[in-house]
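Asks: Top line first, the protein sequences correspond to chains A and B. Just so we're aligned: 163 in the working numbering is position 163 of the first sequence, and the numbers increase by one with no gaps anywhere. Take any residue in the second sequence, count from 1 to its spot, add 325: that is its number in the working numbering.
Any given hint might turn out to be false.
[As the list claims (entries may be wrong)] Derived list of chain A stretches under chain B, where covered just means 3 residues or more per stretch with a C-beta under 8 Å from a C-beta of chain B:
no. : stretch
1   : 32–40
2   : 111–121
3   : 144–150
4   : 242–256
Worth flagging that the hints you see were computed from the coordinates, not collected in a lab. All residues carry an ideal CB built from backbone N, CA and C; glycine is no exception.
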Amino acid sequence: MTLSRMGLWTLLAIAFGFGIVNLTPSTALLSVFTQAVVFAIFALGVGVLLRQNGLVSFGHALFFGAAGYGMGVILALEAMPAEAAIAVVLLGIGAAAFLIGLVIVRVPGIAFGMLTLAIGQMVYLLATRARGLTGGSDGMSVNWPATLFGFSQSALLKPSTLFLIAWVLMVVVTLALTLILRTRFGSITEAIRDNEERARFIGITTTVPRAAVFALSAMVTAVAGLLSTLNSGFVSPENLHWSLSGITLVMVVVGGSKRLVGPLVGAMVYVIFKDLLGEHATYSMAPFGAALIAVIVFSPHGIVGLFEQLRNRLRHGPAAERKLP
Amino acid sequence: MLTINLFNGLVYGALLIIMSSGLALIYGLRRVVNFAHGALYMLGAYIGYSVATHSNFWVALLVAPLVMAVVGALLDRYGFRLLQDREPLNVMLVTFGLLLILEDLVVAIWGKANYSLFTPELLNFSINLAGHDLPAYRIGVIAVGAAVAVGLTLWLRLSRMGLFVRAASTDPITTSMQGVNTDRISAAVVGLGSALAGLAGVVAGPFLSLSPHMSSDVLIDSFVVVVIGGLGSLAGAFIAALLLGMMQAIGAVYLPEVSVLLPFVFMIAILIWKPSGLAGSRT
Numbered sequence: 001m002t003l004s005r006m007g008l009w010t011l012l013a014i015a016f017g018f019g020i021v022n023l024t025p026s027t028a029l030l031s032v033f034t035q036a037v038v039f040a041i042f043a044l045g046v047g048v049l050l051r052q053n054g055l056v057s058f059g060h061a062l063f064f065g066a067a068g069y070g071m072g073v074i075l076a077l078e079a080m081p082a083e084a085a086i087a088v089v090l091l092g093i094g095a096a097a098f099l100i101g102l103v104i105v106r107v108p109g110i111a112f113g114m115l116t117l118a119i120g121q122m123v124y125l126l127a128t129r130a131r132g133l134t135g136g137s138d139g140m141s142v143n144w145p146a147t148l149f150g151f152s153q154s155a156l157l158k159p160s161t162l163f164l165i166a167w168v169l170m171v172v173v174t175l176a177l178t179l180i181l182r183t184r185f186g187s188i189t190e191a192i193r194d195n196e197e198r199a200r201f202i203g204i205t206t207t208v209p210r211a212a213v214f215a216l217s218a219m220v221t222a223v224a225g226l227l228s229t230l231n232s233g234f235v236s237p238e239n240l241h242w243s244l245s246g247i248t249l250v251m252v253v254v255g256g257s258k259r260l261v262g263p264l265v266g267a268m269v270y271v272i273f274k275d276l277l278g279e280h281a282t283y284s285m286a287p288f289g290a291a292l293i294a295v296i297v298f299s300p301h302g303i304v305g306l307f308e309q310l311r312n313r314l315r316h317g318p319a320a321e322r323k324l325p
Numbered sequence: 326m327l328t329i330n331l332f333n334g335l336v337y338g339a340l341l342i343i344m345s346s347g348l349a350l351i352y353g354l355r356r357v358v359n360f361a362h363g364a365l366y367m368l369g370a371y372i373g374y375s376v377a378t379h380s381n382f383w384v385a386l387l388v389a390p391l392v393m394a395v396v397g398a399l400l401d402r403y404g405f406r407l408l409q410d411r412e413p414l415n416v417m418l419v420t421f422g423l424l425l426i427l428e429d430l431v432v433a434i435w436g437k438a439n440y441s442l443f444t445p446e447l448l449n450f451s452i453n454l455a456g457h458d459l460p461a462y463r464i465g466v467i468a469v470g471a472a473v474a475v476g477l478t479l480w481l482r483l484s485r486m487g488l489f490v491r492a493a494s495t496d497p498i499t500t501s502m503q504g505v506n507t508d509r510i511s512a513a514v515v516g517l518g519s520a521l522a523g524l525a526g527v528v529a530g531p532f533l534s535l536s537p538h539m540s541s542d543v544l545i546d547s548f549v550v551v552v553i554g555g556l557g558s559l560a561g562a563f564i565a566a567l568l569l570g571m572m573q574a575i576g577a578v579y580l581p582e583v584s585v586l587l588p589f590v591f592m593i594a595i596l597i598w599k600p601s602g603l604a605g606s607r608t
């Protein structure tokens, strides 16, 4: 995709967000959409790791929850203005994830997933047991200041504003990731993902780029964590639990992990369907289990893969089905 | 205090042996990280509960694993066999989907209340050992764990079927070229692994309570055990299960604040030192 077309798509996507705000009839529905967008960013973080490193994380809720806790603690201590705190939290999580990544990306395959699960559960257990500052298993409220980036809190917390902030952030993060992955860094990580040994033979250091992708994916997820606490004003150990990581991974795979839009689509489909079902079904996880199995069995490249297949068939006829990379 | 904790550590280690040997067997043969194993454990416990309330514990101990064996064989025939050419991640997520479905199924049938299996009359007494009263039932759990470990090892090492299982775990294609029906072997092994999960569920019933969330903790601990031991390695899983049980027992005495973290710290340390696990040669 050329840069100008990318710019066009970005503008269209942002305009689409404004369209949603104006066409959505109720604020309750709009806050469901906001939640969907927050999860879309979360899933984007998990998805970029899978797409670029070929690694499955069962512990990304760690970064989602840590962003909320980090923000909550800094604001509670009144250590610095909220704007600086946001930067500190994002960079801190990025740096921490880079260091963790340097160690754990060398562990291959499933064991990597189990490591992320272990690290995530450790922090979860610490958070449930810690008293004092973080409130233990009760969670803690995040006291956002009266004004943030010059906007008053009441204006920011209007459902329509909140949705737009989340939506624009999602578009910007997606654009940023697309641009980053177009560079040499993107090709290097793809080479390492496809064959680490060969990549090393041609002189690429393989650990640092993968740790960088891990850090990048953690930061994207941290953005979602910050948005979530801005939305709810609250963070609890549930935000750190592995089941949240697992569900997000489901969103990524259902949406399709070969494209960056896959996780976005998966997350939105998930949250909106959960809301539709939530009122009727008490046991609402089984339909998702069934949907997950159906998507994986019938369309291994997810919803986005299915659409691409259909589009190619329409354009070129059934014979010219292009294989996804 | 320490003695009784070590004893309880041994009991939990035995339970982990029963759970994780099933996981390791299935991973060894099918290369599937089976999240549904936790659901089979839970299903086994609840079926055991229903059977035990209608007849007695010993019937439950027999029926629940048998039912799970059938479920496991079907899971292999209509699940893993059809998906064997798919990416491991995708198959793993299918089992995650199964876990979600089965957990809801349990809630739909038995509700959200907590249950507990009664300790069977026959073992409802204590044995005094070095000044401590040790419940006979828990000694029985240790015995079952030991029997599973010894039985599986002997079966794999000495029987003809065990030879086929080991061969198919090493190289399924060559094994089937030698005339071994690997599909039947797989169905048997996944059935056996699932039966062990059911057995673990019934055995755990009298000392861990039955709840819709019971699968999560034991499943994660079993994953930790299997990964520490080396994926697919039975001997590694046995050692890791005992280490984990003991570690939690000792941790509960000396480091009560962080004892729940110990398994994870242990796993991280092992994997950084040896990414393929204690006894693992493959990843």
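Asks: Each of the hints needs a verdict: does it hold here or not?
Replies: Hints and how they fare:
1. Given a C-beta distance limit of less than 8 Å, the hint that chain B covers the stretch 32–40 of chain A is violated, as 0 residues qualify and 3 are needed.
2. Look at the stretch 111–121 of chain A against chain B: 8 of its residues bring a Cβ nearer than 8 Å to a Cβ of that chain, three or more, so the hint holds.
3. Evaluation of the coverage hint for the stretch 144–150 of chain A: breached, as 0 residues show C-beta separations to chain B shorter than 8 Å, against a requirement of three.
4. Given a C-beta distance limit of less than 8 Å, the hint that chain B covers the stretch 242–256 of chain A holds, as 6 residues qualify and 3 suffice.
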